[in-house]
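With the hints as your guide, set chains B and C onto chain A.
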Amino acid sequence: MNILNRILIIMIGCVLSSMAVAKDLTVGLKSEPSSIDPHYHNLGPNNSLSAHIFDTLVGSDENQQHYPNLAVTWKPINDTTWEFKLRKGVKWHDGSDFTADDVVFTSKRAANVPKSPSGFGTYLKGKTFVKIDSHTIHIKTEKPYPLMPNDLSTVKIISKKYGEGASTSDYNSGKAAIGTGPYKFVEWVPGDKIVLKANPNYHGALKGKPAFNKVLFKPIKTGPARIAALLAGDVDLIDSVPPLDVARLKKNASLTLTSGPSNRVIYIHLDQFRENSPYIKAIGGGEIKNPLMDVRIRKAISLAINRDAMVAKVMEGIALKAGQLLPAGFHGVSPNMKPDPYDTKAAKKLMADAGYGNGFEMTIHGPNDRYINDAKIVEALAQMLSRIGIKTKVETMPKSVYFKRASAGGPNKSPEFSFMLLGWGAGSGEASSPLRALLHTYDKSIGMGRANRGRHSDPAVDKIIQQALSTVNADARGKLLAEATEIAVGKNYGVIPIHYQMNTWAAKSSLSYQPRTDEYTLVMGISNN
Amino acid sequence: MTAFILRRSTQSIIVLFIMSLLVFSGVNLVGDPVEMLINPEADQAEVERVIKELGLDKPITEQYWYFLMNAFKGDLGTSFIFGEPALKLIVQRMPATIELALFSLFISLIFAIPLGIYAGLKPESKISKTIMAGSILGFSMPTFWVGIIFIMFFAVYLGWLPSTGRGEIGSFLGVKSSLFTLDGLSHIFLPALNLALFKLSSVIRLTRAGTREIIHQDYIKFARAKGVAESRVINVHLLKNILIPIVTIIGLEFGSLIAFSTVTETVFAWPGMGKLIIDSIYNLDRPVIVAYLMIIVIFFVFLNLLVDILYTLLDPRVRIQGSN
Amino acid sequence: MLNTDSNSKIINVFMYKFWSDFSESKVAVISLLILIAIVLIAIFAPLISPSDPYDLSKVSIMDSRLPPMAKNFAGDIFILGTDGAGRDMLSAIFYGLRVSLGVGVMSAIFALIIGTIFGISAAFFGGKYETFIMRIVDIQLSFPSILMALIILAAFGKGIEKTIIALVLVQWAYYARTARAAALVERSKEYAEAAQCLALGNKKIMFNHILPNCMPSLIVVGTLQTAHAISLEATLSFLGLGLPITEPSLGLLIGNGFQYMHTGDFWISIFPGVALLITIVSINLVGDQLRDMYNPRLKK
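Protein chains in written order, with the numbering used here: chain A, 17 to 545; chain B, 5 to 328; chain C, 84 to 383.
One chain only, chain A, in its complex shape:
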């Protein structure tokens, strides 16, 4: 491409984007946020919406890499203190100045919102915010804490002036919904729409000035309805295009589809803590010792999974085969691990070696309304396991029932199922997130292994995870996390990864969306074609 061409393209781009300023945009969302209050509910749809109105200190881009947002620099100044320099000249939507006081105020409110069903306490505990000057903050911890930027990339900074004494209702009504973000809050009609308008004074850390005058979010829960609305021109962009429809919609010249891997791995938890597992029986129904305790059986199961067929047929090609906890590109991913091949011969041999040559009976469980095509994945898994002699029955249920039973449905609030399908999205964008929650030994007192529903436990893995969690040097930490993954997943088969979910957005052909690994739908990520 010669220079002249490039200049031409840039010029056209400028003309188009300046034209876009006057435009309105309507977005069809799968999940409606439950509140405008950025600290009320720490969940994808809420965080995604509030990112338009509010900013974080540390930004997180489409690949969850950090960039300077309200903080321009951050670094550890000693073992237990991080220094954050704040951006100068930033204005709140009402025109007042953003200062360190707002940050200190946020640190106090974010973890303590009344009636909050999932707050930010996990990211803020053990941290003391100290104002040094109007644009410098020191954050102190008791022990060296490497995940400071990751944690602070999740917490939205609110205005002290409006936030003091404000309730969640005050944010929902707009009274307190004053942020520094690229869009201002206009109104929310629950179940119907959320309206935002451009903030002309936006500081521009994320993709410069807002490209749309007015933005309307419409919650449309069912996939078919979302597609219908897009095809009918009622909305300009939709998220979560069902994999089923991707191929057909791609052929439609009036639409632009973009897909990207998410930070969510779909995997299997296997019961590794009960001598007799409740959903595993000998062929014919007799009691047997839990075969999943044997790593050879776990490996055999992994080899029995035809991941190519799973991706091609069940996920309609909209997923990536998984061999570990996060796809390549994330911090702490091992470069050495590949998805297990599909090898029923080797799997049957492993079964025979472990003394289960005749197979056994097992009921496997999964949700049917949580992950993309979850019930179908479980059924396909059952078909595949049946081929290596594991007589498999399937039970799927809505998430409202499933998660309670999966986490605490058994005696003494232990996990109920023997073999279950789950997913894990690494919100912090690092392998430490799934490792500490899924594969570290379950230990309530130190907050580890909370979602370890198979109760996998290997002291060697625990040691490496804990070491990684106190290593501030990013490269060294990454190596440790990769090592932990190699042992826990690659060697121990503590969990069996199947695939990484991919998300697809569809827009009318004049627009296109930059896919995000965190599954957020941000208007700032829309560009003109």
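Keep in mind the hints are simulated off the structure, nothing from the lab. Source: prediction; values computed, not measured. Heads up, some of the hints might be wrong.
To be verified - Only pairs whose alpha carbons sit at most 25 Å apart, straight line, appear in this in silico DSS-like list of lysine-lysine:
hint : chain 1 : residue 1 : chain 2 : residue 2
1    : B       : Lys-92    : A       : Lys-209
2    : A       : Lys-230   : B       : Lys-126
3    : A       : Lys-131   : B       : Lys-126
4    : C       : Lys-109   : B       : Lys-126
5    : B       : Lys-56    : A       : Lys-415
What the hints assert, rightly or not - Sample of chain B residues at the chain C side, in silico, Cβ under 8 Å:
hint : residue
6    : Phe-226
7    : Val-267
8    : Ile-282
Claimed, not checked - Only part of the chain B face toward chain A is listed, based on derived beta-carbon distances under 8 Å:
hint : residue
9    : Asn-32
10   : Val-34
11   : Glu-45
12   : Ala-159
13   : Leu-162
14   : Gly-163
Ideal Cβ placement from N, Cα and C applies to all residues, glycine included.
What follows is chains B and C alone, placed relative to chain A:
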């Protein structure tokens, strides 16, 4: 009359109380809302904070007691999902549901009453037989399936009408409704028709039965014998007397339209209270489920009372007695 | 006392009369034949289905979403196509009919028994007991059935037995009202008074004498309520509140097909819907004819 209303009210309060007890204890057995709501990355300390925050750490009896005490003060609890009073959430979504129900009532009445009267006047004609066969088909077709077919045909295949959501809201004489804008009307048409179709058949049948009954009354025969024009017989004598069943229909059918709108609202993503209750059931938003139930019970009790009172006012032959 | 011979004669005469009345309407006869065929399909589904749609070792994901009349590489033909998991739709519909009809009929029978007991006993004993029962019936009938069922399932969770319980609780009041009305009429008749004079036990009078004479109207209500129950169950399952996915009724099949609405794979949603519609319409038409036969007053 007063005695009647009093008796009804006491009974209603007992019903309300029993229902609240059953539903409150029932919903507390299903699933774990914290597991549903919490960010998976949260640690155990955060899980415990949430359990406490939502009041789920207390025994169920204590939770029910709090609920009752607050209910007397008009507070039906706070939504787990939205953190707002459950009552407020329901009231916010009420206009959309009522608008949908009214519009479908309108559709079903303007079609069903003429058809019903015709079928009643000429029961042996081919057209009447077709109408009656159609009405059987009408109430045999499950609402949700018809809704899917409507979307497939009118919205996807023909592309004539939008398939989901509520349109723009206009204002007329201070009343805000999506019925006052073109966009709103285009959005409401399919769901309203879907909802009306089911009711259409039952209104046709009731109108026909009413017509059949009245047409054999002496005063109609007398009017005809007197040489009154047939159109006048129908418009004045018949319609006037058929009003009683129609008022009952409007009352009772309106209630059932509100109930069935849960299905239609789910299919068409109509942001009314029906969709709210279904979403709340999916998401285990217990306070909203309980509050919705309370409101719907009160609503139906009131509606039935109203129908009974109107009944006596319209037809002096019916007299409400203190008992039965 | 009658001997068995004349007893069977009476039955023959009764059947003859029944059939001659019933066959007055051609539509009703056709509906009855269709209904019988549907019931047979439901009962013998495992025998006549081309394949067992829930035997996972036989279903292959590689056959998913084949259109009607398609052939897979093993040479099996799928007359109505396959669904997203590679199940033969025709077989899935046969099995679905079994579940839908089973749930509908079961709930209707339980509701009939419970409702009849309360209805007849209310009519027979009268007084406070009657007032109390009938007040509950009135209150319950003033709530639309879908709401009642929704509330029950919201409160107690989904499942096949919970769905049946919900349907029974929703429907028993209709039977109670019908049974009471019929029993009141019968009670005032001479034979009942005669039986009372003979000092026969209450239970005996109620169930040996009054009940058989209430049966016709209960059967009419029962037929129509079965159709209603099937439709209601389908709706609840579609909403995701009725049957679990392991027991796929027609409603659940339609719900599964909902997601394929825009892909052009119409058969996954349309065919189960048509099967459901045919079932409900034929039951309703048969019920309509029965009502016209046994309620000459309503014969218009």
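Hint-by-hint comparison with the structure:
no. : hint                  : result
1   : B:Lys-92 x A:Lys-209  : holds (17 Å)
2   : A:Lys-230 x B:Lys-126 : violated (58 Å)
3   : A:Lys-131 x B:Lys-126 : violated (64 Å)
4   : C:Lys-109 x B:Lys-126 : holds (21 Å)
5   : B:Lys-56 x A:Lys-415  : holds (22 Å)
6   : Phe-226               : violated (22 Å)
7   : Val-267               : holds (6 Å)
8   : Ile-282               : holds (6 Å)
9   : Asn-32                : violated (12 Å)
10  : Val-34                : holds (7 Å)
11  : Glu-45                : holds (5 Å)
12  : Ala-159               : holds (5 Å)
13  : Leu-162               : violated (11 Å)
14  : Gly-163               : holds (6 Å)
The structure shown violates the earlier hints numbered 2, 3, 6, 9 and 13.
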